[in-house]
Amino acid sequence: MEIPFRCDLGCLNRADGSARLCIGGTDIMASVTGPAPVPARKESIDKATIEVSLHKKIGGVLDNAETEIEVLLKHTLENCILTKLHPSTLITVTVQLMNVEGPIFGVALNAVTLALLDAGVPLAYTPAAVTVASLAPSEGAPAGMCCWPTKAQAEASPCVAQFVFSNVLPHAAGAPAPAPTTPGEEPANPPVEVVSCHLAGQLCPLESSAPQQAGAAALVQLSEMARESSLGVWRFIREALANKTHSA
Amino acid sequence: MAQQIYLPAQVIDAAGQSVMSGHGTKMSKDGKVSSVCAGYYQRIGSVVSVITLRHRYLAAQADVIVGRIMGLSIEDSEWIVDIGSIQYARLPLSSVMEQRRQTKKDVLNMRSFFAEGDLICGVIYRAPPEGRATIHLSEKLPQKLEYGTAVRVPCTLIKDLAEHVRHFDFDIDCILGRNGWVWIAPGPALLVGGRPIPESFARVARTRALIEALHGRSCKISPEAVSALYRAALPYPLDQLATEPVRRAIFDDAGLHPAEAPQPTPQRPTGATPRSSPSGRRDEDQIVTMGDEDD
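Protein sequence lines correspond, in order, to chains A and B. According to my numbering, the stretch in the first sequence is residues 56 to 303, in order. According to my numbering, the stretch in the second sequence is residues 57 to 351, in order.
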């Protein structure tokens, strides 16, 4: 079953870039302002300062899980944005949760990516986040995995993993260079590299006979499924940008 | 040419072809040119660029801009000006004190010239790539902007014009700042003793509504477009100019259509941008920032 993706790019006309992304039932709006002038107390003279703030649907203080998401977003963006290009500036990212129906981080990062691309902020790579959950065996269904779990699936799942992929391979001696793409041609096998993975739960049951191997195998399975799904995320990002430009 | 969106880190041209990286691209150590932002591919000669539709204004020399005074620095005897760019710009006191030598008393009285919150119109005099731009005032341009209104639109919608200060035949003066800030003020016929007459407010408001309509439809804001829209919008009351049916009607009457996907435009002539020198491959990563895509 395909999880529906819906996106409205450039929805906020005061921000430099904005996107409202809805995956399944989780609806998140991200806005990016910058690179912009920075007050002296936040200034870094060698790079751009990145600020991320997460806002809940009705407002209020963030709980631990939401604060962790804010920190994860900031670390991912510090890795991904080319901050050395714009020293002494400030890039402000605001994430507003409009509706929460499952794990947030994946949807939030994809929304932030779309907003950054809309704003034209230079990035070292395009991050694509995917959330996968392993499903415990129940009557009538064997153990399996699913992408973009709903709230109920995530709570019942023994293990939820949020992957972030990058579309660039690191410099590896002897690795074949990725094929260049000419305009009008879809890249055949875009390189996909894991940037980060945040796991919560148990990869394999404690009673299994060889837990290390079983755990490693389960992780590989989850990451393969996530990797497949990330190709769809990049395709969706490209389509969203193309639709925006044609109807701009 | 089939237009395709390039995403950041997508390789554009592998090593072996002699290309130089332009706006929105970077060249890695092994000579691969890859994209740094999401946009359309453009190749002019051997310079390859990725053009985004939206970006913040990047100052370039000789651009006419409209800015707002954010503060002043007595120690450096300059004003700090917000031009909607990635850094504030500076306006040195010496650009105002052309007639006589600058004394300490003039520096202490800087606020009598421009205070925080004032709008000014100036020309970019120097625009170092990662530093603050310097603005100079020009005698040919209005300096302190009063009795009018400023509208902010994306800088990509303002073309490079021969004359950025335009007088329209409906008695409105406009400054189409290259940074996307547009100043609309009543023309001399609507001023009495230097102050605008009440009838001018409606015209300024109509012009502002039409410029916002052009922004809403992502059309280029050119003097011809504004004139054509003004004539087409005359039958409609002011409070309806923001509604969709009226906008559609006046745009059809004026013969204006939203911009299509960006057309490849000629590169800025040498002597100005791109930011790092396009002298072929270098040993370190050569990263070029984005600039205005049209010229």
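No wet-lab data here; the hints were simulated from the structure. There's no promise every hint is true.
[As the list claims (entries may be wrong)] Mimicking DSBU-like on lysine-lysine, the simulated pairs with C-alpha atoms at most 35 Å apart in a straight line are:
#, chain 1, residue 1, chain 2, residue 2
1, A, Lys97, B, Lys161
2, A, Lys139, B, Lys85
3, B, Lys196, A, Lys139
4, B, Lys215, B, Lys196
5, A, Lys102, B, Lys161
6, B, Lys161, A, Lys129
Hints and how they fare:
For the given pair, Lys97(A) sits about 34 Å from Lys161(B) by alpha-carbon distance, which is consistent with the 35 Å threshold. For the given pair, Lys139(A) sits about 17 Å from Lys85(B) by alpha-carbon distance, which is consistent with the 35 Å threshold. A hinted pair counts as satisfied when its Cα atoms are at most 35 Å apart, and Lys196(B) with Lys139(A) does not qualify at roughly 38 Å. The straight-line distance between the Cα atoms of Lys215(B) and Lys196(B) is roughly 20 Å, inside the 35 Å bound, and the hint therefore holds.
For the hint pairing Lys102(A) with Lys161(B), the CA-to-CA distance comes to about 38 Å; that exceeds 35 Å, so the pair is violated. At most 35 Å may separate the alpha-carbon atoms for a hinted pair to count; Lys161(B) and Lys129(A) exceed this at roughly 48 Å.
The structure fails hints 3, 5, 6 (numbered hints given earlier, in ascending order).
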